[in-house]
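Next come the chains, spelled out residue by residue.
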Amino acid sequence: MRSSLFILSAFAIGLLLSVFKVIPDSLDVGLYSKYILFLLMFLVGMNLGLDTKLLKTIRSQPLKLLLLPLATVLGTFAGAFAAVAILGCIRNGAPSVSLLDSLAVSSGFGYYSLSSIFLNEARGAEMGTIALAANIIRELMTIAFAPLMVKYFGKLAPVSSGGATSMDTTLPVIQKYSGNEYVPVSIFHGVVMDFSVPLFLTFFLSLY
Amino acid sequence: MYIALSCMFVGILTGRLARSRVRADLSPLILAVICLLLFVLGLELGFNEELVSKFSHIGITAVVSAVTAVAGSCIAAKLFYSFIMKNES
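Chains Z and P supply the protein sequences, listed in that same order. Residues 0 to 207 (numbering that gives the first Met the number 0) make up the first sequence, in order. Residues 0 to 88 (numbering that gives the first Met the number 0) make up the second sequence, in order.
The set of hints was computed from the structure by calculation and includes no laboratory data. Among these hints, one or two may not hold up.
Said to hold, decoys possible - Pair ranges (Cβ atoms, derived):
id, chain 1, residue 1, chain 2, residue 2, range
1, P, ASP24, Z, SER97, 26 to 34 Å
2, P, SER81, Z, SER3, 20 to 28 Å
3, P, VAL51, Z, ALA121, 22 to 30 Å
4, P, LYS85, Z, THR51, 30 to 38 Å
5, P, VAL21, Z, GLN60, 21 to 29 Å
6, Z, GLU120, P, GLU48, 19 to 27 Å
7, P, ASP24, Z, GLY123, 18 to 26 Å
8, P, GLU48, Z, SER3, 22 to 30 Å
Claimed, not checked - Derived DMTMM-like pairs (lysine to aspartate or glutamate); straight-line CA-CA distance at most 25 Å:
id, chain 1, residue 1, chain 2, residue 2
9, P, LYS53, Z, GLU120
10, Z, LYS150, P, GLU48
11, Z, LYS20, P, GLU87
Only a predicted model underlies this, so the values are computations on that prediction, with no experimental measurement involved. From the three backbone atoms N, C-alpha and C, an ideal C-beta is built for every residue, glycine too.
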């Protein structure tokens, strides 16, 4: 839990420093985040390489784990239904969201750059921004709350919650809290979800 | 995305070669780099003026969408896990 606090504080400090212009906008932060991600992936790999019992534990994993993306899709879409119901109840000037909008936003599975571009073009700037924010928050929640997810929902929960990001940005926390043996399924899951994002988005956006 | 995976494979090889000599626990270092990544993500979002100015308007919709997606996935993952384990044993 202490690590969740560190992670959220780091995010909050970054956000505050840029919102209040303490750090100038001229920095190419997108480039930095890419290199930091590469370093992180190298460290995740090194952790795997140092593990002497890795191959044995991976071989003992049931093959059915590869069906996990199916559970992620079903769970996420069930969540999209719940979101429409909850937003219908609170609605205080927030933009109204149809079921189709909600399904399209959740089809990002954490892949915020792609989903926001799709929704921006098809449904306007507001839905694009909602998709961007919702999918970033999904990634952020997974990184910050992975230990709680493992505790209450099991070792596959952060993988599912990470969605398309389970192969890169959320992989380090999955490795840390679910264990090295879950890294292969996590990468497989991330790749499958990654490819499914444009498929689901195209499908839902064609229904309007 | 494939560059990131390639970095991981280079890491695996490095770890494999260093195995006999290095007995280091990398997790504090990994946590520090995760914090650095989140710090930069925070910066990136703060620089996105469109997102910052609209957040008071769209924030609640985005938060509810994210929380329900995460909760739905976690519940589905738990059901899936218990289903597999029941079939395995």
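To see whether the hints hold, each was checked on the structure:
| no. | hint | in the structure |
| --- | --- | --- |
| 1 | P:ASP24 to Z:SER97: 26 to 34 Å | violated, 49 Å |
| 2 | P:SER81 to Z:SER3: 20 to 28 Å | holds, 25 Å |
| 3 | P:VAL51 to Z:ALA121: 22 to 30 Å | holds, 24 Å |
| 4 | P:LYS85 to Z:THR51: 30 to 38 Å | holds, 31 Å |
| 5 | P:VAL21 to Z:GLN60: 21 to 29 Å | holds, 26 Å |
| 6 | Z:GLU120 to P:GLU48: 19 to 27 Å | holds, 20 Å |
| 7 | P:ASP24 to Z:GLY123: 18 to 26 Å | violated, 49 Å |
| 8 | P:GLU48 to Z:SER3: 22 to 30 Å | holds, 29 Å |
| 9 | P:LYS53 to Z:GLU120 | holds, 18 Å |
| 10 | Z:LYS150 to P:GLU48 | violated, 37 Å |
| 11 | Z:LYS20 to P:GLU87 | violated, 55 Å |
Hint compliance for this structure: hints 1, 7, 10 and 11 are broken, all remaining hints hold.
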